[in-house]
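Peer 1: So the protein lines, in turn, are chains A and B.
No gaps in the numbering here: position 156 of the first sequence is 156 in our numbering, and each next residue is one more.
Counting from 1 along the second sequence, just add 1000 to a position and that's the residue number in our numbering.
Hints are computed from structural coordinates only; laboratory data are not their basis.
Possibly wrong hints are sitting among the right ones.
[As the list claims (entries may be wrong)] Label pairs and their computed distance ranges (CB to CB): (1) B:L1206 x A:T73: 38 to 48 Å; (2) B:R1063 x A:K233: 40 to 50 Å; (3) A:E230 x B:R1063: 37 to 47 Å; (4) B:K1135 x A:N71: 14 to 24 Å; (5) A:K131 x B:L1023: 37 to 47 Å.
[As the list claims (entries may be wrong)] In the EDC-like style, the derived pairs of lysine to aspartate or glutamate whose C-alpha atoms are separated by at most 16 Å in a straight line are: (6) A:K104 x B:D1136; (7) A:K74 x A:D156; (8) A:K52 x B:E1121; (9) A:K104 x A:D128; (10) A:K74 x B:E1106; (11) A:K238 x A:D210; (12) A:K3 x A:D19.
From a predicted model like this one, the values you see are computed outputs, not experimental measurements.
Ideal placement from N, C-alpha and C gives every residue a C-beta, glycine not left out.
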Amino acid sequence: MIKVDKLFKQFGNNEVLTDISIEINKGEVVSIIGPSGSGKSTFLRCINLLEKPTSGTVSVADQVMTAPKTNVTKAREKIGMVFQHFHLFPHLTVLENLTYAPMKVRGLKKAEANEKGLQLLERVGLADKEKAYPSSLSGGQKQRVAIARALAMEPDLMLFDEPTSALDPEMVKEVLDVMKDLAHTGMTMLVVTHEMGFAREVADRVLFLDEGRLVETGEPNAFFTDPQTERAKDFLAKIL
Amino acid sequence: MNLDFSQIVPYIPFILEGIWVTLQFVLVSILLGFLLGTVLALFKISNIKLLKWPADFYTSIFRGTPLILQLAIIYLATPQLTGYDISPFLSAVLAFGLNSSAYVSEIIRAGISAVDRGQTEAAIALGIPYRPMMKDIILPQAMKNILPALMNEFITLTKESALVSTIGYVDLMRRAQITSSRLYSYFEPLMFVAIIYWLMVMVLTLLGGWVERRMKESD
Ligand SMILES: Nc1ncnc2c1ncn2[C@@H]1O[C@H](COP(=O)(O)OP(=O)(O)O)[C@@H](O)[C@H]1O
Ligand SMILES: [Mg+2]
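Just chain B, with the same shape it has in the complex (with noise of 0.2 Å):
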């Protein structure tokens, strides 16, 4: 065995950059799956059949198949069947957005499902409207339960954000391995961007230890 980490020193600033890279296309995903998730909760708790079966088919196609296989029909086929040259990282938002939302619309939807009967029938006894009863009782209680879910679903989606390597967008996991094909050297390449993915989560988790406490606080 002959580590030497000392090889990796010039791609450095090239598997660095990836972090942006990495980053950028987590933070629009996150973003996309959290509205789109929303809406699909909404659906999901409305009475009306035609909003929530879709929603609830939706969910189940994207969280019933690996995301591996999302991101290549819609980097490979839309191509095929559109004749539109999608780029890697459209595909990739688009495939964790979609995918993410899915898991998001869920969460919302336990968190406030898991809020008591009882209030909304006391709001609904006071002559509240339904929307201030969700917007001002209903989901300021249901958010203790969906924000740590949320913070977990993030840290999943960016760990998995690696999957897009395999579709040439050039991330932190796809830098890694080039470097390694220069050097012919695998491991040092592959646990320095292991330490970097590691610190990522970290914030978050990090992050998401802050949040509950600052829920847990205001009860």
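Pulled out of the complex, with its shape left as it was, chain A reads as follows (with noise of 0.2 Å):
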């Protein structure tokens, strides 16, 4: 699904991506952990180019989304992402956040584009709040109306920027429900999370980021249990 080939990434003179190169299954749920500047943001942002890469390749489903040929706009509207601060369109009600995107851009009718919205909200469990404006919901309700706004571009794959790190911890357990749900459908995902009882449960691996480097890969039990680098080891001491 995913195939990433020697990644670079500079801001300015700082390198912060430095030759990463990792694959990954159509889904697979993987999780990405780190410190903080390790440039774990940089590396999901690479995926749909949110980011342009320094050099290197990024290709997903087959399409190489840094050769200059592609239709980078076109190939985003298989990826879906969600961010820590959720991002949604303030002066669009929820219902209007979902169908906004698949009626402008996937060309669905309205009643077609409401129908599936609906369906979605009550998959996160937000049916009766389709007319609400995002700023009167709670930020583990924004996250979930996130979510649904990008599954209703119909992705084959989800990233997410630290999806529960803005979030009051008693909203924590109700967005990642959303995303183990999701992750069961068989959906790829990226994670980049804190949340290490997700990572434990819910990923398939974990891939372990520090200054830019790819330094660890592995099973998450395994990883967690018994890390193979001295930095995985001094990063978990400090976290667990």
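Fit chain to chain and form the complex, with the hints in mind.
Peer 2: Spelled out as structure tokens, the structure:
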């Protein structure tokens, strides 16, 4: 599903990602962890080209995202993204947030988009909020709407950048539950998270980034109980 | 002190006609300023240096020199340079329209860049192309910042419009001066047009307040 080959990213003289190569299969749930500033967000944003890699190639579903000929805007339709701070459209209702892109970009009829949108709201447990505006929702509700908004485009792949980091503790679970359900439907997911519970329970693989390098990858239980590298050991000692 | 407001009565129709004369060029200037300002703002937020740089330079020139000087250059220097005998009306519309567009472009640019960067990223990530993103996602949010500032710009323009009296355009201000010179009396005609300007500005202010309330409601 995803193939990253010799990815480098620099901001000016600051090298943020160094020589990252990784393949991720369809249906795989991958958790990305690492210290703050290690390049996790940048790595995720290089997948849908919100950041342009300095060199290397990124392919998603056999589309070479980094090739000059690729219509990146079109390719992004199939890559959902969920942000730490939700970024819902505040001037649109919850349902309009879900239906705008499918209507505008995929050309769905309004009735069709609404029906689909309501189904998705039901799935994330917010069917009663269709007419509400984002500002009236709690953080956990906003993030569930944001997930539904991304799913409304019927993506092949979902990227999550610390989806629960901006939430009050009591709202973390409702968002993680939605993500777990999604994982069980076979969605390919790349999740930057500090929720080790989620990583252990749901992820098929953990990627550990440090100072822009992919230092260690492994099966979650093995990684958390018996990390192979010093850097991973140090990191886990600090957070667990 | 011998104030006598009754002496301006015969001149009232003459002065009141000035309202329309003033409004005429103010409205055309606002329209020109708004259209040109929007285009300049789009240049400024584009990533294309060849559009961005001239737009920034233009703004810097028109904001960095006195309006009365710009007016004089357009009215007095155009015939000298081109031989075209430019009318006071056209000079006024050009000077105020071009000048206002510089301010309007800054208002729009600032309004757009005040919209959270995350909105753009969310739209891009959904695969929404640039134009619908600007039109449906970014601009509606920017309007909340832009409209109140635009109303202020229109108010300023209306007041500053009195400058055109210096190039012989017979606007409200000029009519007050003419009346003064006929009557050998200054206070009454000047006071009379002061009230008229104030009323025009009040109408714009009330309109602005109404627009702002409408925007708040839609939050
Ligand atoms: N747009 C940017 N411009 C310049 N530097 C950036 C930009 N985005 C991120 N960085 C830098 O890249 C490094 C990695 O950032 P990031 O990918 O956000 O790390 P993480 O998500 O792991 O905390 C940091 O040093 C950060 O300052
Ligand atoms: Mg980050």
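Peer 1: Now tell me, hint by hint, if it's right for this structure.
Peer 2: Against the structure, the hints come out as follows:
1. B:L1206 x A:T73: 38 to 48 Å: For L1206 of chain B and T73 of chain A the Cβ distance comes to about 44 Å; the hint holds.
2. B:R1063 x A:K233: 40 to 50 Å: Violated: the Cβ-Cβ distance is about 59 Å, outside 40 to 50 Å.
3. A:E230 x B:R1063: 37 to 47 Å: The hint (37 to 47 Å, Cβ to Cβ) is violated, given that E230 of chain A and R1063 of chain B are roughly 58 Å apart.
4. B:K1135 x A:N71: 14 to 24 Å: holds, 20 Å
5. A:K131 x B:L1023: 37 to 47 Å: holds, 43 Å
6. A:K104 x B:D1136: At roughly 10 Å apart (the allowed maximum being 16 Å), D1136 of chain B and K104 of chain A satisfy the hint.
7. A:K74 x A:D156: holds, 13 Å
8. A:K52 x B:E1121: Holds, because 13 Å separates the two Cα atoms, which is no more than 16 Å.
9. A:K104 x A:D128: violated, 24 Å
10. A:K74 x B:E1106: violated, 33 Å
11. A:K238 x A:D210: Distance ~14 Å between K238 of chain A and D210 of chain A Cα, so the pair holds.
12. A:K3 x A:D19: holds, 13 Å
When the structure is compared with the earlier hints, violations turn up for hints 2, 3, 9, 10 and for no others.
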